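S.K.: Position 267 (the sequence shown) corresponds to 266 in numbering that gives the first Met the number 0; numbering is contiguous.
Honestly, the hints are just simulated from the structure, not real lab data.
Treat the numbers as computed from the prediction; the structure is a model and nothing was measured.
Just so it is clear, CB atoms sit at the ideal spot from N, CA and C, and this is done for glycine as well.
Among the clues, some could well be false.
Distance ranges between label pairs, derived from CB positions [what the hints assert, rightly or not]:
#1 Pro-313 - Ser-83: 25 to 33 Å
#2 Glu-130 - Val-213: 41 to 49 Å
#3 Asn-260 - Glu-130: 48 to 56 Å
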Amino acid sequence: MKKGLAMVLAGAMIVASLTACGSSKKETTAETKAAETTTETTAETKAAADGTTYKIGVLQLVEHAALDASNEGFVAALDDAGISYTIDQQNAQGDQTACQTIAEKLVNDGDDLILAIATPAAQAVAGITTEIPIVGTAITDFAASGLVESNDAPGGNVTGSSDLTPIEAQISLLQKVLPDAKTVGVLYCSAESNSAIQLEMTKEACAAAGLEVVEFSVASSNEIQSVVESAVGKVDALYSFTDNTIAAGMNTVAMVANENNLPVIAGEEGMVNAGALCTYSIDYYELGYLAGQMAVKILTEGADPATMPIEYYPEEKCEFIGNEDTAATLGIDISGLE
């Protein structure tokens with residue numbers, strides 16, 4: 000009898016032990032699953048844990064490869080940060096009046112932050128609001144363009160990333176590609192303040208390199224073909240820095256220049272892809288991504304644009320970009336420069 004009771008009690012203990020183990024395993028699995036879910040969704044909920052959906056407006060001056068890439072990089076930075084947002088993408092198509100109208104719309108919409116791509120776009124928005132944070136990108140010199148008090152300490156509601164191109168390195172590249180060149184035609188739009196800044200830098204770089212500069216300016220894209228045609232036979236090469244009007248019209252520039260055996264050294268990769276010979280280029284996607292990271296800090300961490308220095312793309316990360324088709328057309332070997 001005692002022996003039978005002992006066996007029953009032992010069996011009950013085994014069942015209880017197994018039940019307890021099963022219960023413990025189930026709880027651990029649920030905890031692990033919850034932890035895994037938390038890990039997987041942290042990026043998505045990090046900035047929007049309180050349910051905030053940020054309202055972002057974008058004013059892009061014109062469509063061309065560099066500005067488009069900056070826009071894409073900015074949006075990618077927002078997505079990688081996991082914030083919840085709505086975005087109003089607006090493009091002025093190079094029209095200053097449209098630029099002003101769009102800027103007024105974005106400000107009146109009460110956006111939490113506005114991205115301004117290119118100097119005229121930033122100037123249009125900054126002229127309307129001192130309250131809404133403005134992050135600019137593809138802007139050569141924020142201070143010289145009147146957007147901030149200084150590039151190190153903006154002092155207002157504007158900050159962002161500069162596309163200051165390595166002009167000295169590009170002029171040096173021109174001399175490597177065209178060692179016999181003596182005169183350089185600088186092609187730019189006289190209506191862009193960022194181009195006025197770069198023009199002076201180009202003159203200094205050419206003077207230091209012993210090159211003579213001849214200016215060829217356009218007031219609008221309608222003048223590009225005739226102005227490039229006027230440069231034929233007067234200079235050994237054309238150089239255009241990161242001028243938005245010329246970048247948007249580079250297909251026309253290249254068509255005329257290449258037909259007349261006039262090499263074009265450009266300010267960035269998109270211009271080379273459109274037919275210029277070569278460049279030493281910054282990465283506009285990365286530049287936009289940098290601006291996007293700044294925007295995230297403003298929106299989610301309360302960072303103040305007034306104390307956020309202008310960011311720059313490191314020159315050591317710039318890359319040689321060449322157009323082999325153009326090189327073949329001009330009979331120039333650029334293979335050793337890669």
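S.K.: Evaluate each hint against the coordinates.
M.R.: Going down the list of hints, with the structure as the test:
1. Pro-313 - Ser-83: 25 to 33 Å: With Cβ atoms ~31 Å apart, the hint holds.
2. Glu-130 - Val-213: 41 to 49 Å: With Cβ atoms ~45 Å apart, the hint holds.
3. Asn-260 - Glu-130: 48 to 56 Å: Holds, at about 54 Å.
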